[in-house]
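> With chain A's structure known, arrange chain B with the ligands on it following the hints.
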Amino acid sequence: MGVKLLLDKANVPGIRTYDVYRREGGYRAVEKALKEMSTEAIVEEVKKSGLRGRGGAGFPTGMKWSFIAKPEGVPRHLVCNADESEPGTFKDRYLMEFLPHLLIEGLIISSYALGSNDTYIYIRGEYAWIPDILEEAINEAKANGFLGKNILGTGFDCNINVQRGGGAYICGEETALIESLEGKRGNPRIKPPFPAIQGLWMRPTVVNNVETLAAIVPIINIGGDEYAKIGVGKSTGTKLISACGNINKPGVYEIDMTISVEEFIYSDEYCGGIKGGKRLKACIPGGSSVPILPANLLLKTAKGETRYMNYESLSDGGFATGSMLGSGGFIVLDEDQCIVKNTLTLARFYRHESCGQCSPCREGTGWMEKILQKIESGKGEISDIDLLWDIQRKIEGNTICPLGDAASWPVAAAIRHFRDEFEWHVNNPELSQTSNFGLQHYADPIHVPA
Amino acid sequence: MATIFNDTQMTEFKRLVARYPEGKQKSALLPALHLAQESFGGWLSTEALDYVASLLSIEPIEVYEVATFYSMYNLKPVGKFVFEVCQTGPCMISGSDNIIEYIKKTLDIKPGETTKDGLFTLKLVECLGACGYAPMMQVGKIYKEHLTKEKVDSIIAAYRAEAASN
Ligand SMILES: Cc1cc2nc3c(=O)[nH]c(=O)nc-3n(C[C@H](O)[C@H](O)[C@H](O)COP(=O)(O)O)c2cc1C
Ligand code: SF4
Ligand code: FES
Numbered sequence: 001m002g003v004k005l006l007l008d009k010a011n012v013p014g015i016r017t018y019d020v021y022r023r024e025g026g027y028r029a030v031e032k033a034l035k036e037m038s039t040e041a042i043v044e045e046v047k048k049s050g051l052r053g054r055g056g057a058g059f060p061t062g063m064k065w066s067f068i069a070k071p072e073g074v075p076r077h078l079v080c081n082a083d084e085s086e087p088g089t090f091k092d093r094y095l096m097e098f099l100p101h102l103l104i105e106g107l108i109i110s111s112y113a114l115g116s117n118d119t120y121i122y123i124r125g126e127y128a129w130i131p132d133i134l135e136e137a138i139n140e141a142k143a144n145g146f147l148g149k150n151i152l153g154t155g156f157d158c159n160i161n162v163q164r165g166g167g168a169y170i171c172g173e174e175t176a177l178i179e180s181l182e183g184k185r186g187n188p189r190i191k192p193p194f195p196a197i198q199g200l201w202m203r204p205t206v207v208n209n210v211e212t213l214a215a216i217v218p219i220i221n222i223g224g225d226e227y228a229k230i231g232v233g234k235s236t237g238t239k240l241i242s243a244c245g246n247i248n249k250p251g252v253y254e255i256d257m258t259i260s261v262e263e264f265i266y267s268d269e270y271c272g273g274i275k276g277g278k279r280l281k282a283c284i285p286g287g288s289s290v291p292i293l294p295a296n297l298l299l300k301t302a303k304g305e306t307r308y309m310n311y312e313s314l315s316d317g318g319f320a321t322g323s324m325l326g327s328g329g330f331i332v333l334d335e336d337q338c339i340v341k342n343t344l345t346l347a348r349f350y351r352h353e354s355c356g357q358c359s360p361c362r363e364g365t366g367w368m369e370k371i372l373q374k375i376e377s378g379k380g381e382i383s384d385i386d387l388l389w390d391i392q393r394k395i396e397g398n399t400i401c402p403l404g405d406a407a408s409w410p411v412a413a414a415i416r417h418f419r420d421e422f423e424w425h426v427n428n429p430e431l432s433q434t435s436n437f438g439l440q441h442y443a444d445p446i447h448v449p450a
Numbered sequence: 001m002a003t004i005f006n007d008t009q010m011t012e013f014k015r016l017v018a019r020y021p022e023g024k025q026k027s028a029l030l031p032a033l034h035l036a037q038e039s040f041g042g043w044l045s046t047e048a049l050d051y052v053a054s055l056l057s058i059e060p061i062e063v064y065e066v067a068t069f070y071s072m073y074n075l076k077p078v079g080k081f082v083f084e085v086c087q088t089g090p091c092m093i094s095g096s097d098n099i100i101e102y103i104k105k106t107l108d109i110k111p112g113e114t115t116k117d118g119l120f121t122l123k124l125v126e127c128l129g130a131c132g133y134a135p136m137m138q139v140g141k142i143y144k145e146h147l148t149k150e151k152v153d154s155i156i157a158a159y160r161a162e163a164a165s166n
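Taken in sequence, the protein lines are chains A and B. Counted from 1, the first sequence has number 389 at position 389 by my numbering; the numbering is strictly sequential. Counted from 1, the second sequence has number 97 at position 97 by my numbering; the numbering is strictly sequential.
There may be inaccurate statements among the hints.
Each computed DSS-like pair below joins lysine-lysine, with the alpha-carbon atoms no more than 30 Å apart [what the hints assert, rightly or not]:
#1 A:K184 with B:K141
#2 B:K123 with A:K374
#3 A:K184 with B:K14
#4 A:K70 with B:K24
#5 A:K370 with B:K151
#6 B:K149 with A:K184
#7 B:K104 with A:K374
#8 B:K104 with A:K341
#9 B:K151 with A:K278
#10 A:K249 with B:K144
#11 A:K149 with A:K35
#12 A:K184 with B:K123
#13 B:K149 with A:K275
#14 B:K26 with A:K249
#15 A:K9 with B:K141
#16 B:K116 with B:K149
#17 B:K141 with A:K379
#18 B:K144 with A:K9
#19 A:K249 with B:K149
#20 B:K149 with A:K278
#21 A:K275 with B:K151
#22 B:K110 with A:K142
#23 A:K142 with B:K151
#24 A:K142 with B:K24
Computed beta-carbon distance windows for the label pairs [to be verified]:
#25 B:G42 with A:I190: 48 to 58 Å
#26 B:G112 with A:G223: 48 to 58 Å
#27 B:E101 with A:A57: 30 to 40 Å
#28 B:N166 with A:E40: 41 to 51 Å
#29 A:E97 with B:A163: 25 to 35 Å
#30 B:A163 with A:N139: 29 to 39 Å
#31 A:R419 with B:Y102: 27 to 37 Å
#32 B:P21 with A:K70: 10 to 20 Å
#33 A:E40 with B:A163: 58 to 68 Å
#34 B:P21 with A:G356: 23 to 33 Å
Covered stretches of chain A, going by a simulated chain B footprint (3 or more residues, C-beta under 8 Å) [unchecked claim]:
#35 337-346
#36 387-398
Keep in mind that the hints were calculated from the coordinates and are not lab data. The structure presented is a predicted model; accordingly, all values stated were derived computationally and were not measured. C-beta: ideal position from N, C-alpha, C; glycine also.
Pulled out of the complex, with its shape left as it was, chain A reads as follows (with noise of 0.2 Å):
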């Protein structure tokens, strides 16, 4: 059993509730830092425990708070991202369900830090269920004291609000939220300025992840310090994983990540082998925009060398060999999966998702989806694979937002590992639509069925 910091508490019967979460130690962290620490010592107690955004981009949170600005006279807000749209992430939802009061907790505790009084949480819209749910813990926390005016006497105020928003994906990007809390549209701004500078109503505004805001209640427990002995090198601490696809045991999982993917995939604490006995033949480790890898260069690198779950190790290899933990979104395809199909339907959902704002964003993702589907239907040809290689390089960095990044890279990794199944379908058309390309040599090479 490894390390457990934020869903130690989740099957405590009642933990929604303020009585239960408290009575289990909850709000001593909010005590501790209202009462005992100064705003600098939260932001340095953060920067020691070496805790990466948990929203995707994993950059250092204590580096992006000690970057707010502080002009006189102006307020600060925090945001918390609550936009969860990545295909394959799911654990944002997991956390606010289930542990509503640790992230208002972590809300205060990083309000007081940043010295924002009034605190939004934006939560995508087809959550519609949680709002609920988070305003009885804010009500709740409210009535005991721990939020509204003066907390706990020291004369800090702080509200928190819950917005809704309409179902768009590009609205979890941190400029483009900030747009949708101003009643607009959801389309990313150009940075410079950054949000920590001019962010909601121009005002300086942190945006962070639910996750990232819930890991700070443990760090100002146990400190940060001792935090940043959990994990390994640059991953410290604990990372919750949504973990999806033809697994035994789908569900969201807190893992120190100092376990190797082979054990997260196989052992019965975690996702339990593949699904039927099949085989696995590829994963999307860190959500639909990281790129997919063959079993084969998932359980081990390039070099050989056991991959783990985390930051460094599963990048390890660029993106040659490698891909990126990113939002810990596990997608595990087995043996009868599609690499054509399921490529197809992730260019379609960016496609969907673009807010139209760059041509080559907007146009680009519909010519992927346009020429993968030819492929995937059988009509496709070799110079297709070709094209669909250029349209996605000339999309990646040619953009306003990592939008086009994320719509480029798992195309281009599809075709990097799976060229020949491509190919396949190009030279096959009929047999393509009746059958699978199937495993080939892309299996995983560990677990070989007797």
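Chain B with the ligands in isolation, oriented as in the chain A frame:
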């Protein structure tokens, strides 16, 4: 249906606006559109959009821009129950294609259509953050997960019964 909030809805609207600082009432636009859609029969007519604009003291175009950008706002009438079935990668590899086919056949409609009795609309949507509980669909505020053909049958039967009892 009158496009004007009743007292309860108006109280809720005021609560939404009060969450933002003075002069920033436009921030309440997305939540206000959700409220309007729920209050006015599941979709937003031009009158409804104009009404929200007048309540927030903003130009109608500011509301149209937003209502057309986000996928959750219906700009055309929909059935009483909208089945929004996820079709993205993780759901697809877990069998969503079969579920979509089955719903199409059972209700005899294509995606985007509504049954003749006005009860059901089928929409294909992208990842709803329930990938580990796939295949899945959203109906109103609720997620229906781990879908099977049998489960789809019982969901449809339950909604038919609900509609008949009203
Ligand atoms: C297209 C796109 C979608 C994103 N979606 C999310 C999201 O749903 N949730 C999230 O926390 N971060 C998302 N991000 C990352 C945010 O822009 C931002 O980096 C993050 O909220 C910062 O918080 P963190 O440092 O705590 O991770 C997205 C980024 C992009 C480019
Ligand atoms: S990259 Fe795509 S989503 Fe991002 S701003 Fe440009 S068009 Fe919009
Ligand atoms: S892919 Fe269907 S809910 Fe995520």
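> Hint by hint, say whether it matches the structure.
Hints and how they fare:
{"no.": "1", "hint": "A:K184 with B:K141", "in the structure": "holds, 23 Å"}
{"no.": "2", "hint": "B:K123 with A:K374", "in the structure": "holds, 23 Å"}
{"no.": "3", "hint": "A:K184 with B:K14", "in the structure": "holds, 19 Å"}
{"no.": "4", "hint": "A:K70 with B:K24", "in the structure": "holds, 21 Å"}
{"no.": "5", "hint": "A:K370 with B:K151", "in the structure": "violated, 33 Å"}
{"no.": "6", "hint": "B:K149 with A:K184", "in the structure": "violated, 40 Å"}
{"no.": "7", "hint": "B:K104 with A:K374", "in the structure": "holds, 24 Å"}
{"no.": "8", "hint": "B:K104 with A:K341", "in the structure": "holds, 21 Å"}
{"no.": "9", "hint": "B:K151 with A:K278", "in the structure": "holds, 25 Å"}
{"no.": "10", "hint": "A:K249 with B:K144", "in the structure": "holds, 18 Å"}
{"no.": "11", "hint": "A:K149 with A:K35", "in the structure": "holds, 15 Å"}
{"no.": "12", "hint": "A:K184 with B:K123", "in the structure": "holds, 25 Å"}
{"no.": "13", "hint": "B:K149 with A:K275", "in the structure": "holds, 20 Å"}
{"no.": "14", "hint": "B:K26 with A:K249", "in the structure": "violated, 44 Å"}
{"no.": "15", "hint": "A:K9 with B:K141", "in the structure": "holds, 27 Å"}
{"no.": "16", "hint": "B:K116 with B:K149", "in the structure": "holds, 22 Å"}
{"no.": "17", "hint": "B:K141 with A:K379", "in the structure": "violated, 40 Å"}
{"no.": "18", "hint": "B:K144 with A:K9", "in the structure": "holds, 26 Å"}
{"no.": "19", "hint": "A:K249 with B:K149", "in the structure": "holds, 21 Å"}
{"no.": "20", "hint": "B:K149 with A:K278", "in the structure": "holds, 23 Å"}
{"no.": "21", "hint": "A:K275 with B:K151", "in the structure": "holds, 21 Å"}
{"no.": "22", "hint": "B:K110 with A:K142", "in the structure": "violated, 48 Å"}
{"no.": "23", "hint": "A:K142 with B:K151", "in the structure": "violated, 41 Å"}
{"no.": "24", "hint": "A:K142 with B:K24", "in the structure": "holds, 24 Å"}
{"no.": "25", "hint": "B:G42 with A:I190: 48 to 58 Å", "in the structure": "violated, 37 Å"}
{"no.": "26", "hint": "B:G112 with A:G223: 48 to 58 Å", "in the structure": "holds, 55 Å"}
{"no.": "27", "hint": "B:E101 with A:A57: 30 to 40 Å", "in the structure": "holds, 38 Å"}
{"no.": "28", "hint": "B:N166 with A:E40: 41 to 51 Å", "in the structure": "violated, 59 Å"}
{"no.": "29", "hint": "A:E97 with B:A163: 25 to 35 Å", "in the structure": "holds, 29 Å"}
{"no.": "30", "hint": "B:A163 with A:N139: 29 to 39 Å", "in the structure": "holds, 34 Å"}
{"no.": "31", "hint": "A:R419 with B:Y102: 27 to 37 Å", "in the structure": "holds, 34 Å"}
{"no.": "32", "hint": "B:P21 with A:K70: 10 to 20 Å", "in the structure": "holds, 18 Å"}
{"no.": "33", "hint": "A:E40 with B:A163: 58 to 68 Å", "in the structure": "holds, 60 Å"}
{"no.": "34", "hint": "B:P21 with A:G356: 23 to 33 Å", "in the structure": "holds, 30 Å"}
{"no.": "35", "hint": "337-346", "in the structure": "holds (count 5)"}
{"no.": "36", "hint": "387-398", "in the structure": "violated (count 0)"}
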